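Enquirer: In order, the protein sequences belong to chains A and B.
Using my numbering, the first residue of the first sequence is number 1, and each one after it goes up by one.
Using my numbering, the first residue of the second sequence is number 1, and each one after it goes up by one.
Worth flagging that the hints you see were computed from the coordinates, not collected in a lab.
Just so we're clear, the structure is a prediction, and the values are computed from it rather than from any experiment.
Where is the CB? At the ideal position from N, CA and C, for every residue including glycine.
Don't take each hint at face value.
Selected chain A positions facing chain B (in silico; Cβ < 7 Å) [as the list claims (entries may be wrong)]: (1) W235; (2) L356; (3) S384; (4) V448.
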Amino acid sequence: MIVELGHYALVLALMLAVLQTVIPFVGVKTGNARQIAMAPNIAFAVFAALAFAFTVLTWAYVSSDFSLLNVVENSHSQKPLLFKITGVWGNHEGSMLLWVLILALFGAMVALFGSNLPPSLRAMVISVQGLIAMAFTGFILFTSNPFARLSPAPLEGNDLNPILQDVGLAIHPPLLYLGYVGFSISFSFAIAALIEGRIDAAWARWVRPWTLAAWIFLTAGIAMGSYWAYYELGWGGWWFWDPVENASFMPWLAGTALLHSALVMEKREALKVWTILLAILAFSLSLLGTFLVRSGVLTSVHAFASDPTRGVVILAILVFFIGGALFLFALRSSSLGNGGMFHPISREGGLLLNNLVLTTATATVFVGTLYPLLVEAVTGEKISVGAPYFDATFVPLMIPLLLAVPFGPLLAWKRGDLFGAAQRLYVFAGIALLAGLATVYFATGAPVLAAVGIAIGFWLLFGAFAEVWQKSGLPKAGMTKAIYRLRGLPRSVWGTAFAHAGLGVITLGIVSVTAFQEEMVLRMAPGDTTELAGYAVTYEGAQSRRGPNYTEDVATFQVSQDSDPVATITPAKRLYTARGMPTTEAGIHTTGFSQIYIALGDPVEGTDQIVVRLWWKPQVTLIWFGPVLMVIGGLFSLSDRRLRIGAPVPSAKRRQTLAAAE
Amino acid sequence: MKRFLAALAILMFAMGAAHAVNPDEVLDDPALERRARDISAELRCLVCQNQSIDDSDAELARDLRVIVRERLVEGDTDEEVMDFVVARYGEFVLLKPRLSARNMLLWGTPLIGLALGLTAIFFLFRMRRGAAPASGLTAEEQEKLSRILSDTEDGSR
């Protein structure tokens, strides 16, 4: 019964989404204030209906209601409670329901926090959100209904894919979706601006916190997924340039570009048209990601062709929204007009360089991801585009940008002083160079590229704080005065510093682990000891254990340094009984920023030996610590006064002081 | 759901953890082994989803790894090994497609992207400069200015 209520709520959500699309739109077009005023309440209602449907599905999972096909296919009565809940979005139907739920959540948040928006703009944004919600709710109901019943109901379910039964995966998809779908807000704002034919600095100020929030979630989500792949897939890689990863990386790149161009627009009213286009692109790429992952087109073109319903419907939605948005853009963008002027060497110019590189990088990832599909469709030949291609194209593209990042915040708006910025940065450049040289000295035989990479990393890390350092007045000003000044800095300055420093930290981690990682593959019998990066690793033996829904063989390794015990590492091989699927649980010991990573291979037949893979991963955790800094930076920026207060149009005088303070 | 499909593929084809090189495959000569690893990282495991043979535990990946090592031991250069594998399995096996007419767009994208962007920026600045008021004053403005200037001069006197 409760399941039918959930199903009903989903249908209700679809109907309400139709109202959410039509009523505010008609209201704005006819100037009917009552219809405009209805928009927020409908948005709340859609969210409530979807939240109810989602709760019901979750309940069906928690109570192991095997009369639901979706629960049978993805759950098991013996599964731990946490994974019963996360199993809700560990499959196609449930994850699409989560997708629209988050979409409706964002719509409701615009309704809730948008009281300082002009009512017509808010209504128009809510209307566009409603259109997206309508399309995807319809998609769920007609092609991927999670509430489909199964009769007769089986006694037991098939269990969730064991590789997904992990805490990392519990958090990863919701974070990722909050990011993906968060960009729908900037998209809706862009469409609303195009429909209304009006856009100004205030628009940018309203859009920016939403973009920033989406970006924060997406950053955290991607980093989380990367760490999950690192420890769960068991071969110690952290980024594979897999199409599914690229699908989340493209919106991130475009979103990062959008964050920076929106800044130019907010401060100087320049790059209006471009910012609108980026807002459209960021969400379009999110939609594309959803299509790529959900349609199965990536696994193989044949899988897509054999069950094309879902794929074709998502493709139709994709074409409608992207095509429609770009059409509207082509039609209306010229009416938006140009903004302030600036010299190429200026803060705006720096942000433009950021945009140039990030969009080119996005295009490269885009073409690389889709090229095999294109070639197969056109010529019928099959080609592969994998990590070596992206390493060869993406990395050289990014290097000039990384070198330029510390300059950006030091340049003034309108017309900057490159020489002056360089003068203020040379100390930091010196530190970075020294760090690079020190790396070469200490790690004998270090590749030259690694030294360059480390130098770039430190350059970013220290250069990121150059602006803060300069504003503090240190070392001339006294300590008390400096602290006073630092406290008075706008939080966005700190946000920029942390986010850019995070980029440096990631660079350090990547370069370090790529250049200095040590890897061993060997057979070990109980009692055998091997040497890894100055540690002695002894294999003590293995024993069998039983988990709630799996059995496992756990091996014990003692790690010691100079015969002092350091850690016990226990990698395991599991067999999930319901599906008969084996998985590897890597054993990891973290020391400082580095990790010892052990994964088990197969036992050697006829002996008590086992194949063991050991890695020394120097500074590997920096790869995920960097995104944490970026998220902190994003939060600082989000809490900046000018975003918290909302978006009053600043008086000319206040605007000047703001610009001067930046 | 990231990595989900890849993970699924590994499970389907490898039925075991993704494990690459096994101890019995490793060559005695470390330099040769290093080259074998580097080559392996650029070759696709044909039955996997976006995995190199260096990362994959599939039977076919293992065979290919052994072939690569055999060729290297026989004294082939890296290019010769690649050519040999491509001749056998087609270009599908390369994770980094070759520079050819068909792959022009693929390899050209970064350059085309930068070129297009730079052109657009160039025209943006040129257009702006054109749109900006010319630095010289019109005759009318010149006259107005000199009148104002003479006024102030008069006043200061």
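Enquirer: Taking the closest Cβ pair, is V448 of chain A under 7 Å from chain B?
Expert: At 17 Å from the nearest chain B Cβ, V448 of chain A fails the 7 Å test, so the hint is violated.
Enquirer: Hint validation: W235 of chain A versus chain B, beta carbon distance must be below 7 Å. Holds or violated?
Expert: 5 Å, holds
Enquirer: So, as I understand it, the hint says S384 of chain A touches chain B; can you test that by seeing if any CB pair is closer than 7 Å?
Expert: Constraint on S384 of chain A satisfied, holds at 5 Å.
Enquirer: Would the hint on L356 of chain A stand, with a C-beta cut-off of 7 Å toward chain B?
Expert: 4 Å, holds
Violation of the numbered hints given earlier is confined to hint 4; every other hint is satisfied by the structure.
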